[in-house]
Each structure stands twice: as C-alpha cells, then as structure tokens.
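**Q** Chain residues, written in single-letter form:
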Amino acid sequence: MEDLSLHILDIVENSLMAGARLIEVAMEEDPAGDSMTITVSDDGQGMAPEFLAQATDPFVTTRTTRRVGLGLSLFKANATSWGGGLEVKSQPGAGTTVRVWFQRGHLDRPPLGDWPRTLCGLILTRQEVDFRYLHRVGDQEFELDTRELREELGPEALADPQVMALLRQQIAQALDQIGVAQVPAPPGGF
Amino acid sequence: MAKLKISDLAKIKEQVTASTSLREGGASVKVTVHMGTCGIASGARTVLNAVMDELEKSARKDVIITTSGCMGLCSAEPLVTVEKLGEEPIKYSYVDDPKMRQIFNRHVLEGEIQTQWVLAKGSEQ
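Residue numbers (my numbering), protein chains in the order written: chain G, 1 to 190; chain F, 1001 to 1125.
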C-alpha cells in the first residue's frame, strides 16, 4: 500500500463486506506528542470471538475465493514498524472497530495520500451506506457526516459526480486549513 | 473548525437537477470496480478515480459506479465489470487509468466491447 488512505480504504471495504450501513472514520493527529491514531468503526455483522482472535493472521479469512486475508495483517505489520500497532474490537451483531496508532513523524510512515478523493469515491459508489469522518490535528478539527449532507441536499445529491467533485475539493481545502499534510491533487473533476 | 460550504454544494446540485430532470429513469449500465486488498494494492483506486472522472465529464445519469470485493483472481487485478441492462456482464482485467477511460467511453457509452482486454463474460459464482 502506497499511502495511508489505501490502507483505510481497505479496512472500510471490510466493513462494507460485513454489511455496514454506517462507517465512522476518525483520524487524530497529535503533532506535539508525535502520534497519530486512525479508527474505523462500523455497524456491520461483527466477528465471533474465535475469529476475532485470529483476525490479523494473514492465513485466516472468511472469504472463499482465496485462502489469505491480507488487509488487517498488512496494516498491523506496517503500523508496528512505524512504532505503533493495531487492535480490533468486535462482537457478533455489534459491529467492529479497528484502531491503528503509530508515530506520526516516523521516517517510514507514508503520507495520507489523496484521502478526499478516496472518501468521495466511497460515498459516491456506496449510496446505501452513510459515512462519518472526523479529522483532528492538535486542537483543530474537521467533521463530515453524510447523513447531514443528505438531509441538507436531498437524498440523490451524493449520487451526482458533479456534486461529489465539488465536495472533494471542499474537503481538501478544509483539511488544508486544519493543517493536514496533503499531496496536491490535480484541480477540478475527480 | 473547518466547515463545508453547504450553500455551494446546494447551488451545484440545483444546476445539476435543472439540467437533468428531463432524463429521469433507471440505470442502464453498472460499472463495478473490484476493491479487495489485491485490487487496491494493484491500482483499483486509480481506476475508480478515472471512471468517476469520465462519468462526471459525460454527465450521464443512467450509469452507476459501484465497488465489490475480491473475486479470487488477484493476479489479474485491477478488475472491472461492465454490465449493461439485459446483457451478460463483461469482465476486464489489468485495467489502468487510460484503459478505464477507453472502456468507459467506448463500451459503457457506445456499447463497443473492448475485446482486447476482456477476461471473461458472465457472472462470478
């Protein structure tokens, strides 16, 4: 995975496969304490304790199309090498929370990548799912909730690529304002 | 705290709704980008960005873009399925940004299957 946003996308895809209808992504950066925490919580079907105990084992997966499950194990291995770790909390019927933490300024820690585009891609392609996103850098924060956006703009607005392209630019600007380091994305469109 | 400009979004939405209300109707084409760990690691997000960009440019309202998980052919990722209403789905393998744009403009919009990149026809089990 080239950047953090791809790792997060991968974890969110797990939530989608688990039938989640609300997915919350929280990123908390603490520049003073040199740490960063990413939490992805969902209201999907959750995992049984037996499975949960082996969830980050690359040779354990629920899928039947192949025998390895790499998403969580890759993220865990990487976070560990950036001086942190990954933990999963889950209960059948009560959703799953994946929490990842690591040293923010670690030399091997990849950049966030194009997270606004990644998030807008998720929102646009998964109309049946709501997303809540919180990003905090020190005492600055940005929050987005697709339930609020749907209420304000009407249910079909987030299915429109033109609206989403503008939303993406607005998210990128807002993250810029709160001091999230970003790779400059090409202007306009997706 | 940084805020979204809801009023700007609403403005765009109004323009869009005004220009498309005549073409209401269900979707006639579905494009699925396979987004397992394997797909993501081999470039599925770039492919998804490309198809969303082309969809935005085309302003078509009858095309749905969605994502799905791994279908077990990780070595052929990124994979994309194009399904037209009433036709068998077509799966493309080793898709990248330019291929995706061509598939969108020729197959999705014009109905010309890009046979040179087709992996299979039909649904996975």
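Treat each hint with caution, since some may be false.
[Said to hold, decoys possible] Within a straight-line C-alpha distance of at most 25 Å, the following computed SDA-like cross-link-like pairs (lysine to any residue) qualify:
#: 1; chain 1: F; residue 1: 1030; chain 2: G; residue 2: 127
#: 2; chain 1: F; residue 1: 1005; chain 2: G; residue 2: 28
#: 3; chain 1: F; residue 1: 1005; chain 2: G; residue 2: 78
#: 4; chain 1: F; residue 1: 1003; chain 2: G; residue 2: 141
#: 5; chain 1: G; residue 1: 89; chain 2: G; residue 2: 107
#: 6; chain 1: F; residue 1: 1003; chain 2: G; residue 2: 89
#: 7; chain 1: F; residue 1: 1005; chain 2: F; residue 2: 1068
#: 8; chain 1: F; residue 1: 1030; chain 2: G; residue 2: 162
#: 9; chain 1: F; residue 1: 1003; chain 2: G; residue 2: 154
#: 10; chain 1: F; residue 1: 1013; chain 2: G; residue 2: 151
Treat the hints as calculated values from the structure; they're not laboratory data.
**Q** Would you list, in rising numerical order, the hints stated earlier that this structure does not obey?
**A** 3, 5, 6, 7
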